[in-house]
Amino acid sequence: MMERYRHLHRIILMVVLQGGFPGSYSKDRAITLPESIRALRGSCVEIPCTFTRPRGNKDFRLVWYKGIDFRPDKIIFSQQNPSDVSEGNRGRTSLVGNEPNSCSLRINDVRESDSYYPYIHGNCDVTSVCQTVRVTVSDVPNEPAIQIPTDLTEGERAPISCSVEHTCPPRPPTLQWNRAGYKLTDRQQSLKDGVWKAETVMEYLPSYRDHKAKLECEATYPNGLKSKSRSAALNIRYSPKNVAVVISYGKKERKEGDAVSLTCDSDANPAANAFTWYNNKRDGTVELREEQGRSITVTVGRGRETFSCTARNPLGTGNSTLSELQVLYKAQNVTIKGKDEVKEGAALELECHFSDYNPPTTQYSYSWYLNGNPVNGETGRILQINNITESHSGNYSCNVQNGAGPSYSPGFTVTLMSAQTGEGLPMWIVLGGGAVAVLVILLVLALYLFLRTSRKKQKLEASGGRGMETNNQGHGPNEEPENYYCNVSAIAGSSRNGTAGTQMGEIELEDIYTEPKEPIDVEYTLVDHVPGKEAPQTQNPTDETEYSLVTF
Numbered sequence: 001m002m003e004r005y006r007h008l009h010r011i012i013l014m015v016v017l018q019g020g021f022p023g024s025y026s027k028d029r030a031i032t033l034p035e036s037i038r039a040l041r042g043s044c045v046e047i048p049c050t051f052t053r054p055r056g057n058k059d060f061r062l063v064w065y066k067g068i069d070f071r072p073d074k075i076i077f078s079q080q081n082p083s084d085v086s087e088g089n090r091g092r093t094s095l096v097g098n099e100p101n102s103c104s105l106r107i108n109d110v111r112e113s114d115s116y117y118p119y120i121h122g123n124c125d126v127t128s129v130c131q132t133v134r135v136t137v138s139d140v141p142n143e144p145a146i147q148i149p150t151d152l153t154e155g156e157r158a159p160i161s162c163s164v165e166h167t168c169p170p171r172p173p174t175l176q177w178n179r180a181g182y183k184l185t186d187r188q189q190s191l192k193d194g195v196w197k198a199e200t201v202m203e204y205l206p207s208y209r210d211h212k213a214k215l216e217c218e219a220t221y222p223n224g225l226k227s228k229s230r231s232a233a234l235n236i237r238y239s240p241k242n243v244a245v246v247i248s249y250g251k252k253e254r255k256e257g258d259a260v261s262l263t264c265d266s267d268a269n270p271a272a273n274a275f276t277w278y279n280n281k282r283d284g285t286v287e288l289r290e291e292q293g294r295s296i297t298v299t300v301g302r303g304r305e306t307f308s309c310t311a312r313n314p315l316g317t318g319n320s321t322l323s324e325l326q327v328l329y330k331a332q333n334v335t336i337k338g339k340d341e342v343k344e345g346a347a348l349e350l351e352c353h354f355s356d357y358n359p360p361t362t363q364y365s366y367s368w369y370l371n372g373n374p375v376n377g378e379t380g381r382i383l384q385i386n387n388i389t390e391s392h393s394g395n396y397s398c399n400v401q402n403g404a405g406p407s408y409s410p411g412f413t414v415t416l417m418s419a420q421t422g423e424g425l426p427m428w429i430v431l432g433g434g435a436v437a438v439l440v441i442l443l444v445l446a447l448y449l450f451l452r453t454s455r456k457k458q459k460l461e462a463s464g465g466r467g468m469e470t471n472n473q474g475h476g477p478n479e480e481p482e483n484y485y486c487n488v489s490a491i492a493g494s495s496r497n498g499t500a501g502t503q504m505g506e507i508e509l510e511d512i513y514t515e516p517k518e519p520i521d522v523e524y525t526l527v528d529h530v531p532g533k534e535a536p537q538t539q540n541p542t543d544e545t546e547y548s549l550v551t552f
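Per full-length UniProt numbering, the very first residue in the sequence shown carries number 1; after that it's consecutive.
A few of these clues could be false.
Simulated crosslink set (BS3-like; lysine-lysine; CA at most 30 Å straight-line) [claimed, not checked]:
#1 K212 to K197
#2 K226 to K183
#3 K241 to K214
#4 K228 to K183
#5 K214 to K183
#6 K192 to K74
#7 K212 to K241
#8 K228 to K212
#9 K192 to K228
#10 K197 to K214
#11 K255 to K281
#12 K228 to K197
#13 K183 to K197
Okay, the calculated beta carbon distance ranges per label pair [as the list claims (entries may be wrong)]:
#14 T174 to E35: 22 to 32 Å
#15 L288 to T174: 57 to 67 Å
#16 E344 to K457: 54 to 64 Å
#17 Y364 to E390: 27 to 37 Å
No lab work stands behind these hints: they were computed from the structure. Values in this document were obtained by computation on a predicted structure and should not be read as measured data. Beta carbons are placed, not taken as given, at the ideal position from N, Cα and C, and that holds for glycine.
All chains should be modelled from the sequences, with the hints used to inform the complete structure.
The following block contains the structure:
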C-alpha cells in the first residue's frame, strides 16, 4: 500500500508541475549527464551537465534533486529559489560554467554516496525516465602515476611527470617528489565525465649516481588525506665510471714468478664491452698490452710494476688509476753493522741490516751464526752479547727470512782486544799514536845534538883565531895582566916524577878556568901538554875541550 501511495504521489506531482509550466514538456529537451562519478569524501565533485534549450524559450527553471523523489527536502540546488534548498545542502552547491546550456553542478564537502538528477521544465515526468548520475564516495584517495622516458641518458635533460585523477578542479591535490632541486611545472587537464588530472612535471637531469634509484611521488588532498607513494626505478644510460684494476688475491702473499689475474672493473650502462691494458714501468715508460679482454694474467717480476686499463661502451670511455702490483720480495742487500773490534769483557752489539721493498706489515724472522754455527737463542734483528770472551770472536753472519725465502749476509769478523789495549780503540789508532810519539822523540834528540855541536864549533873557531904569546911584551910595568884560557889534555898512562904521573892519570878531563882579581881581557889558545921527560905519544883527540886561565 505504501509503495502504491508513493507512486501515485509522484504522478500527481508531475502532473501538477507539468500543468504549472504550460508548453514545458518537449521531446527536444535532452540532458547529458555521466552515469557515475567517484569522489573522495571531504573533497568536492563537479557533475558535468548540458541540456538542449527549447526553441524560442530563453527562461527556464533548473532544480537539482537528490534521489528520485520530488520532495522539497530533497532539493539540493534551486536556480530561481535558493531558499528552497534543504538545510543540509545550503552553501555546499553551486552552478559551474557560463555556457547558456550548462547545468553543471558543484558539490563541496562530499559526504555520502547517492544519485542526483536535474529537473528542467518537465524533462522528467510520468511519461519519461529521469536521467540521474550516481556519485560514489570513497575514503581512499587515488594513487598517482609516474611517467618516465625510456631513454634517459646522463647529461641530457628529460621531463618526468607525476599525475593523479580527481573531481575537484578548484582544489586539486598537491603532488610532491622525493627529490629536490629541479624545476617543476604544475598543470591540470579535464578528462571526461567529471574526472580531472592534476600533473606536475619535473625537468630532470640524469646522473649515473641515480641509476636504479627509486623516484617517488605522493599526492596530498585538501582534506589532509595522502595517497600511497608511487615509485619507479630510474634506468639511466652512461659511459664507464669508476674504472679500476682489480687484482685477484689467489694467495695472501705473491712472490716473484707467480701468476696473477687482473680484471678491469667499471660501472657502466650498458656494460663496457671493450678494454685496453697498460703496463707502467718504473722508468716511466708505458707499454700497451695486446690483450683486449676484461681480465688478463701477468707474471710477477722482480721490479715493481703498475697497471692501468681503459673501458669503453657505446656512450664513451673511462680510464682507471694506476694500480701497483704488490709483490713479496726477499730481503735485499743484507749486511751486518757494528764494531769489528771489541774489548775483552765489554758488550758486543751487531745489527742485521737490509733493504726492504715490501709492505710495512711484512713479517721477518732472523737467525745468527758464528763461524757457521747457530748462535743459540738469538732470533732478533739485533744480536747483543755481554761480557764477551775469546770464544765470541770470529766470523758472524745473519739470515733474514720472510714468505719469499731466506737472505744471508756476508761474513763480519769480530776481533777481541786485550783489556790493556785502549778503551776499545781500534788497533790502527794505537799503533799510529805510538809511531807519532817515537817520531817526536827522535826529532827532539836530533835538535839537541845539533845545538850542542854548533856550540862547540863556535868555541873552537873563537879559540883558534887568536895567537898565544909566550912573553909579556906589550905590557908596561903598570899594565894589568891579562887572562888566558887553554885546553889541557891529559894523556892517560903518562906520569911525571912517578907520583905526579900517577896523580895526572887520575885527573878527569874538564874545563879549567882561572879568574883574575880584576876584570881583564881574556884570550884563548889550544895547548897540547906533553911531559918533558917522556916522548910524545899519539893521542886520539877528544871532543871535550878544557880551558885554563894563564896569566903572563
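Status of the hints after comparison with the structure:
1. K212 to K197: Status holds; Cα separation ~28 Å.
2. K226 to K183: Distance ~23 Å between K226 and K183 Cα, so the pair holds.
3. K241 to K214: holds (20 Å)
4. K228 to K183: Answer holds: K228 to K183 is near 23 Å, not above 30 Å.
5. K214 to K183: holds (19 Å)
6. K192 to K74: holds (27 Å)
7. K212 to K241: Given pair K212, K241 holds - Cα atoms ~15 Å apart, limit 30 Å.
8. K228 to K212: holds (21 Å)
9. K192 to K228: This hinted pair holds, its Cα atoms lying about 24 Å apart.
10. K197 to K214: At roughly 23 Å apart (the allowed maximum being 30 Å), K214 and K197 satisfy the hint.
11. K255 to K281: holds (18 Å)
12. K228 to K197: OK: K228 and K197 at ~17 Å, within 30 Å.
13. K183 to K197: holds (20 Å)
14. T174 to E35: 22 to 32 Å: Once the Cβ atoms are compared, 30 Å apart, the range 22 to 32 Å for E35 and T174 holds.
15. L288 to T174: 57 to 67 Å: For L288 and T174 the Cβ distance comes to about 59 Å; the hint holds.
16. E344 to K457: 54 to 64 Å: holds (55 Å)
17. Y364 to E390: 27 to 37 Å: holds (32 Å)
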